[in-house]
Amino acid sequence: MSSKSTKAQQESSKLACEAVSNLRTITAFSSQDRILKMLEMAQQRPIQENFRQSWFAGIGLGLSQFLMSCTWAVNYWYGGKLIIDGYITKKALFESFMVVVSTGRVIADAGSMTKDLVKGANVVSSIFAILDRRTKIKPDDPGGFKPETLMGEIEFHDVHFSYPARPNVVIFKDFSIKIEAGKSTALVGQSGSGKSTIIGLIERFYDPFKGSVTIDDMNIKSYNLKSLRKHIALVSQEPTLTNGTIRDNIAYGTTCDHIDEIEIIEAARVANAHDFISSLKDGYETWCGDKGVQLSGGQKQRIAIARAMLKNPKVLLLDEATSALDNNSE
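Numbering (UniProt numbering), first residue to last: 1 to 330.
Be careful, since some hints might not be right.
Stated by the list, open to error - Derived lysine to aspartate or glutamate pairs resembling EDC-like cross-links, with alpha carbons at most 20 Å apart:
hint: 1; residue 1: K291; residue 2: D248
hint: 2; residue 1: K221; residue 2: D248
hint: 3; residue 1: K136; residue 2: E153
hint: 4; residue 1: K221; residue 2: D290
hint: 5; residue 1: K226; residue 2: D207
hint: 6; residue 1: K226; residue 2: E263
hint: 7; residue 1: K195; residue 2: E18
hint: 8; residue 1: K230; residue 2: D217
hint: 9; residue 1: K221; residue 2: E155
hint: 10; residue 1: K314; residue 2: D174
hint: 11; residue 1: K314; residue 2: D290
hint: 12; residue 1: K230; residue 2: D174
hint: 13; residue 1: K311; residue 2: D282
hint: 14; residue 1: K183; residue 2: D216
hint: 15; residue 1: K230; residue 2: D248
hint: 16; residue 1: K226; residue 2: D140
hint: 17; residue 1: K183; residue 2: E153
hint: 18; residue 1: K178; residue 2: D140
hint: 19; residue 1: K173; residue 2: E148
hint: 20; residue 1: K178; residue 2: D217
hint: 21; residue 1: K195; residue 2: E153
hint: 22; residue 1: K226; residue 2: D216
hint: 23; residue 1: K311; residue 2: E153
hint: 24; residue 1: K178; residue 2: D207
hint: 25; residue 1: K311; residue 2: E263
hint: 26; residue 1: K281; residue 2: D248
hint: 27; residue 1: K221; residue 2: E266
hint: 28; residue 1: K37; residue 2: D174
hint: 29; residue 1: K183; residue 2: E203
hint: 30; residue 1: K291; residue 2: E320
hint: 31; residue 1: K311; residue 2: E148
hint: 32; residue 1: K146; residue 2: D217
hint: 33; residue 1: K136; residue 2: E148
hint: 34; residue 1: K230; residue 2: D275
hint: 35; residue 1: K226; residue 2: E320
hint: 36; residue 1: K136; residue 2: D207
hint: 37; residue 1: K291; residue 2: D319
Simulated from the structure, these hints should not be mistaken for laboratory data.
Starting from the given sequences, assemble the full structure and let the hints guide the process.
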């Protein structure tokens, strides 16, 4: 019963979080009333489950108290009979009564704690379900080839792929492509045609079900993943910024302990971000806010590009990284 209540509460909380995170969209479409109705409907199931759970818990507590009272009564009745017949003393009856009372209270308390124990068990099981997950792609595996540098030639050989969450939707079937080193290659296609999937396979977020992906004529599975990704930079359509300064977010693109300010400024210039950063009151020390909420979409993309430029990668992947930029910036 507790697992149903927990699941219902999770669904309700998820809807509330989505409503808060999409507040601007909801306001723009004047959908507040509809969202409130959805929240009210979502709250009904947790309330019903909690009522049902409390009802069963109340029955269990009542039964335990009833049994405890019956035990006391039987103890008094039978003990009194034994005293009259001379089998035991009053002291022995009192001692046995105290044992029964103490044991009964412990049993009653244990019954009232069952609800909390079940909740705890459900929480622990959900945590261990995540901890026990295993993936074939292991970024922390110390094995594999560790390249000092890359040429950057990428080739897909008869790749078959579909996402694990949608195994019936085939993204690639016998897909082959060669991307030469030192050249800019643009992938053009309709939305959902697999452009971002190609980037995900190059970064090895996924492995193809069939076929292979090679970099510099070596299967991507043969590389040490951490070493390989040091030579690759990715700028996505919706870049993620940390809750820090602009300088911190640009410096995020390198693993060096100390970054020269000149390098950060140069990376910002390449990304056409230096001018707008300099116009801010605090410049490179401007706080970006949670997920870069203090900046516009175009500004976030330029900072993300600067972050990639600072890394000086051999392979630069741009997943519609200039979609929020004006023509001049692009």
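Evaluated hints:
Between K291 and D248 the alpha-carbon distance is near 13 Å, which keeps this suggested pair within the 20 Å criterion. Our distance criterion of 20 Å between C-alpha atoms is broken by K221 and D248, whose separation comes to about 32 Å. Pair hint K136 plus E153 does not hold up; C-alpha atoms about 25 Å apart against a cutoff of 20 Å. Taken as a hint, the K221 and D290 pair is broken in the structure, with Cα atoms around 35 Å apart against an allowance of 20 Å.
A threshold of 20 Å between alpha carbons decides the hint, and for K226 with D207 the separation of about 16 Å falls inside it, so the pair holds. A threshold of 20 Å between alpha carbons decides the hint, and for K226 with E263 the separation of about 23 Å lies outside it, so the pair is violated. The hinted pair formed by K195 and E18 fails the criterion: a straight-line CA distance of about 27 Å is larger than 20 Å. Simply put, K230 and D217 have alpha-carbon atoms about 18 Å apart, close enough for the 20 Å limit, and the pair holds.
About 13 Å separates the Cα atoms of K221 and E155, which keeps this hinted pair within 20 Å; it holds. Between the alpha carbons of K314 and D174 the distance comes to roughly 27 Å, so the proposed pair goes past 20 Å and is violated. The suggested pairing of K314 with D290 is violated, with an alpha-carbon distance near 30 Å, which exceeds 20 Å. A distance of roughly 29 Å separates the Cα atoms of K230 and D174; the hinted pair therefore is violated under the 20 Å criterion.
As the CA atoms of K311 and D282 are separated by approximately 24 Å, the hinted pair breaks the 20 Å bound. As the CA atoms of K183 and D216 are separated by approximately 14 Å, the hinted pair is consistent with the 20 Å bound. Restraint check for K230 and D248: the C-alpha separation of about 18 Å stays at or below 20 Å, so the hint holds. At roughly 7 Å between alpha-carbon atoms, K226 and D140 fall within 20 Å of each other, so this suggested pair holds.
At most 20 Å may separate the alpha-carbon atoms for a hinted pair to count; K183 and E153 meet this at roughly 9 Å. As the CA atoms of K178 and D140 are separated by approximately 29 Å, the hinted pair breaks the 20 Å bound. In summary, the hint linking K173 to E148 is not supported, as the alpha carbons are separated by about 33 Å, beyond the 20 Å threshold. This hinted pair checks out: K178 and D217 have alpha carbons roughly 11 Å apart, not beyond 20 Å.
Between the alpha carbons of K195 and E153 the distance comes to roughly 18 Å, so the proposed pair stays at or under 20 Å and holds. At roughly 17 Å between alpha-carbon atoms, K226 and D216 fall within 20 Å of each other, so this suggested pair holds. For a cut-off of 20 Å, the pair hint linking K311 to E153 stands: about 19 Å separates their Cα positions. Between K178 and D207 the alpha-carbon distance is near 18 Å, which keeps this suggested pair within the 20 Å criterion.
For the given pair, K311 sits about 10 Å from E263 by alpha-carbon distance, which is consistent with the 20 Å threshold. About 17 Å separates the Cα atoms of K281 and D248, which keeps this hinted pair within 20 Å; it holds. Only pairs whose Cα atoms come within 20 Å are accepted, and K221 paired with E266 is rejected, the gap being roughly 34 Å. The straight-line distance between the Cα atoms of K37 and D174 is roughly 48 Å, outside the 20 Å bound, and the hint therefore fails.
Taking the CA atoms of K183 and E203, the gap is about 18 Å. The hint holds against a cut of 20 Å. Restraint check: the Cα-Cα separation between K291 and E320 comes to about 19 Å, which is no more than 20 Å; the hinted pair holds. Proximity of K311 to E148 is assessed by CA-CA distance (about 14 Å); at most 20 Å being required, the pair is judged to hold. Under the criterion of a C-alpha separation no larger than 20 Å, the hint pairing K146 with D217 is consistent with the structure, at around 15 Å.
Only pairs whose Cα atoms come within 20 Å are accepted, and K136 paired with E148 is rejected, the gap being roughly 25 Å. A threshold of 20 Å between alpha carbons decides the hint, and for K230 with D275 the separation of about 28 Å lies outside it, so the pair is violated. With a C-alpha separation of about 24 Å, the suggested pair K226 and E320 falls outside the 20 Å cut-off, and the hint is violated. The straight-line distance between the Cα atoms of K136 and D207 is roughly 9 Å, inside the 20 Å bound, and the hint therefore holds.
Note on K291 and D319: the hinted pairing holds, with a Cα-Cα distance of about 18 Å set against a maximum of 20 Å.
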